[in-house]
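Turn these sequences into a full structure, and let the hints steer you where they fit.
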Amino acid sequence: MATNTLPGVLVTTDWVAQHATDAGVRVVEVDVDTTAYDQGHVPGSAGWNWTTELCDTLVRDIVPAKKLEELLGKNGIDNKTTIVLYGDNNNWFAAWAFWQLKIYGHDDVRIMDGGRKKWLAEGRDLSTDKTSFPAATYKAGTPDLSLRAFLPEVQQAVAGKKAALVDVRSPQEFTGEILAPPGLPETCQRGGHIPGAKSIPWGKNCNEDGTFKTFDELKALYAEKGITGDQPVIAYCRIGERSSLTWFAMKYLLGFDNVKNYDGSWTEWGNLVGAAVEKP
Amino acid sequence: MKPEEYSRRQEELAGWAVTIETYKLGDVYHCTIANVDPGARFARADGATRLEAEGRAVEKATRYLAQTRKFPV
Numbered sequence: 001m002a003t004n005t006l007p008g009v010l011v012t013t014d015w016v017a018q019h020a021t022d023a024g025v026r027v028v029e030v031d032v033d034t035t036a037y038d039q040g041h042v043p044g045s046a047g048w049n050w051t052t053e054l055c056d057t058l059v060r061d062i063v064p065a066k067k068l069e070e071l072l073g074k075n076g077i078d079n080k081t082t083i084v085l086y087g088d089n090n091n092w093f094a095a096w097a098f099w100q101l102k103i104y105g106h107d108d109v110r111i112m113d114g115g116r117k118k119w120l121a122e123g124r125d126l127s128t129d130k131t132s133f134p135a136a137t138y139k140a141g142t143p144d145l146s147l148r149a150f151l152p153e154v155q156q157a158v159a160g161k162k163a164a165l166v167d168v169r170s171p172q173e174f175t176g177e178i179l180a181p182p183g184l185p186e187t188c189q190r191g192g193h194i195p196g197a198k199s200i201p202w203g204k205n206c207n208e209d210g211t212f213k214t215f216d217e218l219k220a221l222y223a224e225k226g227i228t229g230d231q232p233v234i235a236y237c238r239i240g241e242r243s244s245l246t247w248f249a250m251k252y253l254l255g256f257d258n259v260k261n262y263d264g265s266w267t268e269w270g271n272l273v274g275a276a277v278e279k280p
Numbered sequence: 001m002k003p004e005e006y007s008r009r010q011e012e013l014a015g016w017a018v019t020i021e022t023y024k025l026g027d028v029y030h031c032t033i034a035n036v037d038p039g040a041r042f043a044r045a046d047g048a049t050r051l052e053a054e055g056r057a058v059e060k061a062t063r064y065l066a067q068t069r070k071f072p073v
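Here the protein sequences line up with chains R and X, keeping their order.
Residue numbers for the first sequence follow the working numbering, beginning at 1 and rising by one.
Residue numbers for the second sequence follow the working numbering, beginning at 1 and rising by one.
Treat the hints loosely; a few may be bogus.
If you anchor each label on the Cβ, the simulated ranges turn out as follows [said to hold, decoys possible]: (1) R:P280 with X:R63: 23 to 33 Å; (2) X:Q10 with R:Q156: 36 to 46 Å; (3) R:Q156 with X:F71: 40 to 50 Å; (4) X:E4 with R:K130: 21 to 31 Å.
From the derived model, a few chain X residues whose C-beta atoms are all more than 10 Å from chain R [unchecked claim]: (5) I20; (6) E54; (7) R56.
Don't read these hints as lab results, they were simulated from the structure.
Every value quoted in this text rests on a predicted model; they were computed, and no experiment measured them.
Using N, Cα and C, we set each Cβ at its ideal position, and we do this for glycine too.
In structure tokens, the structure reads:
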């Protein structure tokens, strides 16, 4: 088991303020609220819409390779660009974008620690300009599916207990008291959690200012629930973005080797006919 | 531009704890509301004054929160 934070995956708001418009660097905002970019963003940053640009809009799936190549190309990103992601909700969808970029093999992707929340709280410059970029050519790699769990693997994990399941939703979602975060649409037929899953809400990875906790704090958080990186881990939430953040923390901040994001998540499991559900 | 008059506070709306974040950028006040747990932004509005932006956002948030059902566990 590796247990060291990998260098270079997090950058500070200071770093972004100094390097956002450097050659070879592209800062990108990805928000849950897809209008947040228009309310002011890091000057020189691009804005990606997760509902249209980071998914397949026909079938439920991650962004297809060709579509990703087009998105990155029109944002002036080539295979050597340092991509720095940030967003609202402590980087939920920034982590979602990070996960997909790693699936397609982009080497240098980083997250701005603290995200939009910290940038705003620090009173840093915001722009409402739509930045345009010179086109570039991008070639996506063969998808690395070792980072992604599909339903059959989760079912096998439940049956054979060969992987630890981490439910990163809120305690009220975990118990089935509510079917979606307050104020958001319900996307499942049943509440509860996947049998055997451990509840470790995503927010426990973060400090109040939105930054990630230290290596030692994260290690203790997961160890308390028996998640040490000695066995495969599958993280899930409702649609896969909160679990992207937890996946990022376990894989890149704790250095766990075998961590997958189950992006089908509760929206898939909680709608399956006949699937076992555990409550509370 | 720098954001001005930034504020962030917690309140209860329709029985749910929420965070209300407001700032002014240029001539526009931007307000966003997130649930405290799990922390998702789910309502936002703009306005010419803080009162206007927050009033519109709170109205939306209250409407959305009213649709959240609770089940016995």
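Structure-based check of each hint:
| no. | hint | result |
| --- | --- | --- |
| 1 | R:P280 with X:R63: 23 to 33 Å | holds, 29 Å |
| 2 | X:Q10 with R:Q156: 36 to 46 Å | holds, 42 Å |
| 3 | R:Q156 with X:F71: 40 to 50 Å | violated, 29 Å |
| 4 | X:E4 with R:K130: 21 to 31 Å | holds, 22 Å |
| 5 | I20 | holds, 13 Å |
| 6 | E54 | holds, 14 Å |
| 7 | R56 | holds, 14 Å |
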